[in-house]
Amino acid sequence: MAADMRLPTIRKQVSLSSSLSALDGKDLVVPGDVITSDTGFMRGHGTYMDEEKLTASVAGEVERVNKLICVRPLKTRFNGEVGDVVVGRITEVQQKRWKVETNSRLDSVLLLSSVNLPGGELVSGMDSIYLGIRKCEVQSVFSDGALSLHTRSLKYGKLGQGVLVQLSPSLIKRQKTHFHNLPCGASIILGNNGFVWLYPTPGHQDEEAGGYYTSLEPVSLSDREVISRLRNCLLALGAHKVLLYDTSVLYCYESSLPHQIKDILKPEVMEEIVMMTRQKLVELEG
Amino acid sequence: MAGLELLSDQGYRLDGRKATELRKVHARMGLFAQVDGSAYIEQGNTKALAVVYGSHEDRAARLHDRAVINCQYSMATFSTAERKRRPHGDRKSTEMSLHLKQTFEAAVLTNLYPRSQIDIYVKILQSDGGNYSACVNAATLAVIDAGIPMRDYVCACTAGFVDETPLADLCHAEESGGGTSLALALLPRGGHIDHLETLMEAAMTACKGVSKVLDEVVRQHLQEVSALTGE
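From first to last, the protein sequence lines stand for chains A and B.
Following the UniProt record's numbering from start to finish, the first sequence increments by one per residue and tops out at 286.
Following the UniProt record's numbering from start to finish, the second sequence increments by one per residue and tops out at 231.
Quick caveat, the hints were computed from the structure, so don't treat them as lab data.
Just to be clear, a hint being listed does not mean it is correct.
[Stated by the list, open to error] Far from chain B, by Cβ distances over 10 Å, these chain A residues were calculated:
1. Asp50
2. Gly60
3. Arg77
4. Arg89
5. Val165
6. Leu221
7. Tyr245
8. Thr247
9. Glu272
[As the list claims (entries may be wrong)] One side only, chain A facing chain B, incomplete, derived with CB under 10 Å:
10. Lys75
11. Thr76
12. Arg105
13. Leu106
14. Gly238
Using N, Cα and C, we set each Cβ at its ideal position, and we do this for glycine too.
The shape of chain A in the complex, shown without the other chains (with noise of 0.2 Å):
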């Protein structure tokens, strides 16, 4: 059986000549520059006060709200606000709560009685047979940066069959709903710390069970081609940093359908179908 080999080689960025423009706006500093000197400003996110000046911690954008200054980094594990919703997956199982892997600095914690069960029931401490990847929302944040989560509308709650894809979280666009129902025959929750989860779109019978019946039924093969060729335009947006919303998703499904599934991921294909998918963005824009 013929494998393909290639030798590493510097990736090209792809970008339009248009994005360039882009930069003049922004303000792009590293640790140890001083962002001024003033003192009325307050300090955010990414900052230190060294001697009565403000300096920047991270490299990255300076981001002014009024008088608050925070410099946003290109790359970070998930920093959760209150209404946030994130998948992630059940790690540890202790007395009343379980530890769940958001890709963030702490691991976040799930309260048992934040969890609801089929029938409206909370869950106590003798079951510990709900393992799995769920989708929560963020209650609140514990004062060393821990994640409070609940699940307790029916929208959340364990995932049955689909895929996670794993990405970093300064790649999702942050939106008033999170789940959508992709045209092309599947469904993708865009958790903000950088979860994806991909999986078939359910049939109505579901929508009643409260979000813990997992179907074990057989996926059809279409179903699951639909779902691979999604995750490896997923892969394929997140190699090239492009913005994840369910739009932007939608166009780079369309530009890898002249591609077999398993092409999109070499560094050609992939340049090419993320060229066609920014052009169409931008083109959706202007």
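Given chain A's structure and the hints, the job is docking chain B onto it.
Relative to the frame of chain A, chain B by itself:
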């Protein structure tokens, strides 16, 4: 020995540099997708690769108010002229790992991440002098790539002394040539380099004090022994 002088009469070193010239530095960040931060640096022929796993939960929960920084320094088996038997775990590597840890504990704002752990792994792919400096520089870039807040860059370089002339950025032949060498890591904008002067003075005063004590011991011993044998 003809031909192996570290500094020629015209002021050129073995590789053709002048005394204060640095070697060519080539660096790249963001090489790997799976890790939080990564960087590669080449200083002349010395090549170092650094990888950072940024700020995750510390299972042992060692410090409740700061992050723990965990460093590991290792050399590839093919990095030196003779194949290296023990890439890591030997005394030199452990010492370098400890130096790296102390350096980055001073630079990274660890109090922002209580109960978490930051892992820094550095590997020397080719060793031609200035290993520690290349490691520190690569690790700085990797930490910045991971988005972990730092006070400032941590930059390192070596310097040595030959024939009354200070040389900057020593290569392997110059380091092992038997002359003095100093590896220095500092935060370029910071003021903590000022402590070096006071530290040196304090050490010198202390040494002179010790020499007085040793002097007395020798003289007393002389007196005792000569008193015994002098009869």
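For this session: Go through the numbered hints given earlier and state which of them the structure violates, listing their numbers in rising order.
Result: Numbers 1, 2, 3, in rising order.
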